[in-house]
Amino acid sequence: MRPLTYAAPATAAEAVSAVRGDPQARFLGGGTNLVDHLKLGVSTPGRLVDISRLPLDTVEQTEAGVRIGTNVRNSDLAAYPLLRSGWPGVSRALLAGASGQIRNQATTGGNLLQRTRCVYFQDVTTPCNKREPGSGCSALEGYGRYNAVLGASEACVATHPSDLAVALTALDAVVVVLGSDGERRVPMVELHTLPGHHPEIETTLSHGELITAVELPATPLARRSTYVKTRDRASYAFALVSVAAAVTLDDDGAVADIALAWGGVAHKPWRAARAEATLRGRRPDEPAIAAAVEKELREAAFGPHTAYKRPLLRGATTEALSRLLGGLDGKSDGTSEQEGAR
Amino acid sequence: MTLRIDGTDHELTVDTRTTLLDALRERAGNTSPKKGCDHGQCGSCTVLLDGRRHLTCLALAVAYDGAEIVTAAGLAGPADEGDLHPVQQAFITHDGFQCGYCTPGQVCSAVGMLEEAGRGAPSHVTADLEADVDLTDEEIRERMSGNLCRCGAYAGILGAIRESAGR
Chain A
8 MRPLTYAAPA TAAEAVSAVR GDPQARFLGG GTNLVDHLKL GVSTPGRLVD ISRLPLDTVE
68 QTEAGVRIGT NVRNSDLAAY PLLRSGWPGV SRALLAGASG QIRNQATTGG NLLQRTRCVY
128 FQDVTTPCNK REPGSGCSAL EGYGRYNAVL GASEACVATH PSDLAVALTA LDAVVVVLGS
188 DGERRVPMVE LHTLPGHHPE IETTLSHGEL ITAVELPATP LARRSTYVKT RDRASYAFAL
248 VSVAAAVTLD DDGAVADIAL AWGGVAHKPW RAARAEATLR GRRPDEPAIA AAVEKELREA
308 AFGPHTAYKR PLLRGATTEA LSRLLGGLDG KSDGTSEQEG AR
Chain F
886 MTLRIDGTDH ELTVDTRTTL LDALRERAGN TSPKKGCDHG QCGSCTVLLD GRRHLTCLAL
946 AVAYDGAEIV TAAGLAGPAD EGDLHPVQQA FITHDGFQCG YCTPGQVCSA VGMLEEAGRG
1006 APSHVTADLE ADVDLTDEEI RERMSGNLCR CGAYAGILGA IRESAGR
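Protein chains in written order, with the working numbering: chain A, 8 to 349; chain F, 886 to 1052.
Please note that a few of the clues may not be correct.
[As the list claims (entries may be wrong)] A few chain F residues that face chain A, going by a derived Cβ cut-off under 10 Å, partial list only: (1) 923; (2) 940; (3) 963; (4) 967; (5) 971; (6) 974; (7) 977; (8) 978; (9) 982; (10) 1003; (11) 1004; (12) 1010; (13) 1015; (14) 1019.
Hints were generated in silico from the structure; no laboratory data involved.
Every residue, glycine too, gets a C-beta built ideally from N, C-alpha and C.
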């Protein structure tokens, strides 16, 4: 680990100013990802500005929904009664992530800014355009099971690892950001960027901008949300693909409103807007869901290592909607105890 | 900086790069938390930090000035009284120790997990997010998934936690 200095400012504005004025400075939140990167040499800041003790750790009910402070721990947020009833998909996404210990440490804002688990990004002995711009991409010809299939570029095929971010993207969350010029609000879908020629740039935040809160609008749709995560083992692993879903039906059993976002497929949480549009107004049976998934994947690029993600996305999306609807037409899978059935 | 470790205050001067795990082991001389993977993947460095189970390998010591830490060694009563924490005793009863390397982390994680479940925190396998938590074997396995054991003490650990949960 390289030598570095440490500061713990008393206010968010002081923290912003401390990082803003030093290109080598980084915010330290829960540290579950950053401290690992300091050890691995993936991240080499000269200065850490600890924001984890700033009093941005409350969950507040607002007129529009709920406002979550950036320092709220993942475990606390997942267990928060208001989240469990009003945004179960967010709760489930958090509970699907990491381990009990890490959820006690990881924070809301830090979770959104965690970095890819692409093995080449984390291995400093290999070329990686994201870690070292211009050095090349080892994942293109290497171990590729976790690679992106949507929105990737020749420079980078890494996926975003956050489960929380996928649920927040589906449910139209807004990120509150403090910069040197004051506060601004960034819709979740605009927070993360696609790699293009600059995979080292991962968000639309500028250096020194601090996420202070996440706001979730209260909607009937959010109350009927869930999260399905597929991984190589039953627990404590990153997603191969994941699906955040929410759906309401009209009186005829057709989709009145729907929200879908995918994880494990792109450089950012992927809002599946085409799939949503395809399903709106239709009865959500298996053929309709499969067609919607295919529509979303029209411009996807699958390789030999990622071909499995196509049927997995179809299955996981079907599973998510089936859970919410207590089974699909012609398919009852016994998961009717889940949120949507109540 | 000051760390209160197993009930005793320790005044330490640490390099900013020192992890909480290294501060505990190398500076404060408390070797109860173990260095396994050192990357947050195995859970052997778990302690109770301000009452909650926490990894110490992914934490920089400087960020935890003033923290209260209880390691597996501090869970037991004074050595001369010989009283083990009920979870520690249950690990012995159910042969959950085996090689013992992961055990301090497993014990701390189990104590933290029982507290979390006791206040109704749901898990990934909880079917109804708003219902009371029933600590089934599936729940125990999921909640303990951050602690790995290479020699396979899982069956004994499951039994120990089941007993500690009153099942």
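Cross-check of the supplied hints:
1. 923: holds, 7 Å
2. 940: holds, 5 Å
3. 963: With a closest approach of 27 Å, the residue 963 of chain F hint is violated.
4. 967: Check failed: Cβ of residue 967 of chain F comes no nearer than 29 Å to chain A, outside 10 Å.
5. 971: violated, 20 Å
6. 974: Not OK, violated: residue 974 of chain F not within 10 Å of chain A, min 22 Å.
7. 977: violated, 23 Å
8. 978: violated, 23 Å
9. 982: Result: violated, 20 Å to nearest chain A Cβ.
10. 1003: violated, 12 Å
11. 1004: holds, 8 Å
12. 1010: With a closest approach of 8 Å, the residue 1010 of chain F hint holds.
13. 1015: holds, 5 Å
14. 1019: Cβ of residue 1019 of chain F sits 13 Å from chain A, so the hint is violated.
In this structure, the hints that do not hold are numbers 3, 4, 5, 6, 7, 8, 9, 10 and 14, in rising order.
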